[in-house]
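A.B. asks: With the hints in hand, could you dock these two chains into one complex?
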Amino acid sequence: DAGVTQSPTHLIKTRGQQVTLRCSPKSGHDTVSWYQQALGQGPQFIFQYYEEEERQRGNFPDRFSGHQFPNYSSELNVNALLLGDSALYLCASSGGGHQETQYFGPGTRLLVL
Amino acid sequence: DAKTTQPNSMESNEEEPVHLPCNHSTISGTDYIHWYRQLPSQGPEYVIHGLTSNVNNRMASLAIAEDRKSSTLILHRATLRDAAVYYCILRDYKGGGSNYKLTFGKGTLLTVNP
Numbered sequence: 001d002a003g004v005t006q007s008p009t010h011l012i013k014t015r016g017q018q019v020t021l022r023c024s025p026k027s028g029h030d031t032v033s034w035y036q037q038a039l040g041q042g043p044q045f046i047f048q049y050y051e052e053e054e055r056q057r058g059n060f061p062d063r064f065s066g067h068q069f070p071n072y073s074s075e076l077n078v079n080a081l082l083l084g085d086s087a088l089y090l091c092a093s094s095g096g097g098h099q100e101t102q103y104f105g106p107g108t109r110l111l112v113l
Numbered sequence: 001d002a003k004t005t006q007p008n009s010m011e012s013n014e015e016e017p018v019h020l021p022c023n024h025s026t027i028s029g030t031d032y033i034h035w036y037r038q039l040p041s042q043g044p045e046y047v048i049h050g051l052t053s054n055v056n057n058r059m060a061s062l063a064i065a066e067d068r069k070s071s072t073l074i075l076h077r078a079t080l081r082d083a084a085v086y087y088c089i090l091r092d093y094k095g096g097g098s099n100y101k102l103t104f105g106k107g108t109l110l111t112v113n114p
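Protein sequence lines correspond, in order, to chains E and H.
Using the numbering used here, the final residue of the first sequence is 113, and nothing's skipped along the way.
Using the numbering used here, the final residue of the second sequence is 114, and nothing's skipped along the way.
This is chain H alone, in the form it adopts within the complex (with noise of 0.2 Å):
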């Protein structure tokens, strides 16, 4: 599986926008680049995915690089709930819909400062 590598953590103030980096420079043609994050004491959360073009949802936006080896999770006005582990995650698409399984790293933990 393609690796992901990501800060230990990050500290952000609360209303500020936070720019969570990713590198995967071994990232194949067919690799989707999911986002997902993980509240205290609470199962893991999708927050974001994509392939080529930036993407954003209600959540957050997600940049990603013209060659694809780096991309940023983008929160744009931090708020306390959004403390938690960020994991960065590659997909392989296997073409069959929900057959994949998610590789998961260590990620970043989030602080957010009142």
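Isolated chain E (complex conformation) (with noise of 0.2 Å):
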């Protein structure tokens, strides 16, 4: 059974661009959540989809957006990046019989220049 999944692995992007980032959730889940973990620092959360809406959010702007598939997949989209968006993009998925726990996948690195 495969884990939580995340691709790409390694991102570098410039300023101003836009970015994807996508997850697949551990069999069985139906909750995706998002966090951004910069350098030296514990996760944030950044937001949590689940039956396709976003069920509650963290403190990030606009420029943070998301979607969750019917297959519950999700992707991460963050517009218009700046140099502080520099960061390790984490996925964790719940749900389904083993609600109490959030399975993490290994992250996205993402480098914005």
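Don't read these hints as lab results, they were simulated from the structure.
Each hint should be verified, as a subset may be incorrect.
[As the list claims (entries may be wrong)] Which residues of chain H face chain E? A partial, calculated answer using Cβ under 8 Å:
1) Pro-44
2) Tyr-46
3) Tyr-87
4) Asn-99
5) Thr-103
Glycine included, every Cβ here is placed at the ideal spot set by N, Cα and C.
C.D. replies: What follows is the structure, encoded as structure tokens:
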């Protein structure tokens, strides 16, 4: 059983560009949460998707948006990239009988130049 | 969100027990105590969680103070693979299954010496 997978693993963009990151949840999970982890810090919650809708949102600007597909996979989109958006972006899945724990993927390392 | 306080770093020797403390004096009655760890270059990994009673699983034990204002994660025999950042997190149970977010602090960096 594959765990949470994310793509791509690494990405380099320039300021002002847009980026899309992808996440496939663990089999049987219906909830996907996204986190941003800056270097040396703990992950910060961006938002959570359930039943194809954004259910909760952290303190992130509207430049950060997402989507969840009928197969529960999810995308994170960031527009108008800033240097400060450079971070590790983590996807976590939960639900389907394992509601009390979130299972994290390996993350996508984004570098904005 | 309720806040936790952990030491920035701790050191242990291989095959010895490790006790990682966490203070959460503002914990509410519905907050679950979760522990995650993050190995280098990996995403966080669930370790254990509990509400009031002490908990054991194959990875670790969680000892919760009677007043719930502190807890301790216990690794019974540390291995080199246990070197990681350990996060103590309070999860507010909203009664909606997976409807919750995790609020991470900076965690405790555990170094295990051979």
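A.B. asks: Have a go at the Thr-103 (chain H) hint: is there a Cβ in chain E nearer than 8 Å to its own Cβ?
C.D. replies: The hint holds - Thr-103 (chain H) has a Cβ within 8 Å of chain E, the shortest such distance being about 7 Å.
A.B. asks: Against chain E, with CB atoms and a cut of 8 Å, does the hint on Tyr-87 (chain H) hold up?
C.D. replies: 6 Å, holds
A.B. asks: Would the hint on Tyr-46 (chain H) be counted as holding, given a Cβ-Cβ threshold of 8 Å to chain E?
C.D. replies: 4 Å, holds
A.B. asks: If you take the shortest Cβ to Cβ gap from Asn-99 (chain H) to chain E, is it below 8 Å?
C.D. replies: 6 Å, holds
A.B. asks: Mind checking the CB of Pro-44 (chain H) against every CB in chain E and telling me if the closest is under 8 Å?
C.D. replies: 5 Å, holds
In summary, this structure violates none of the numbered hints.
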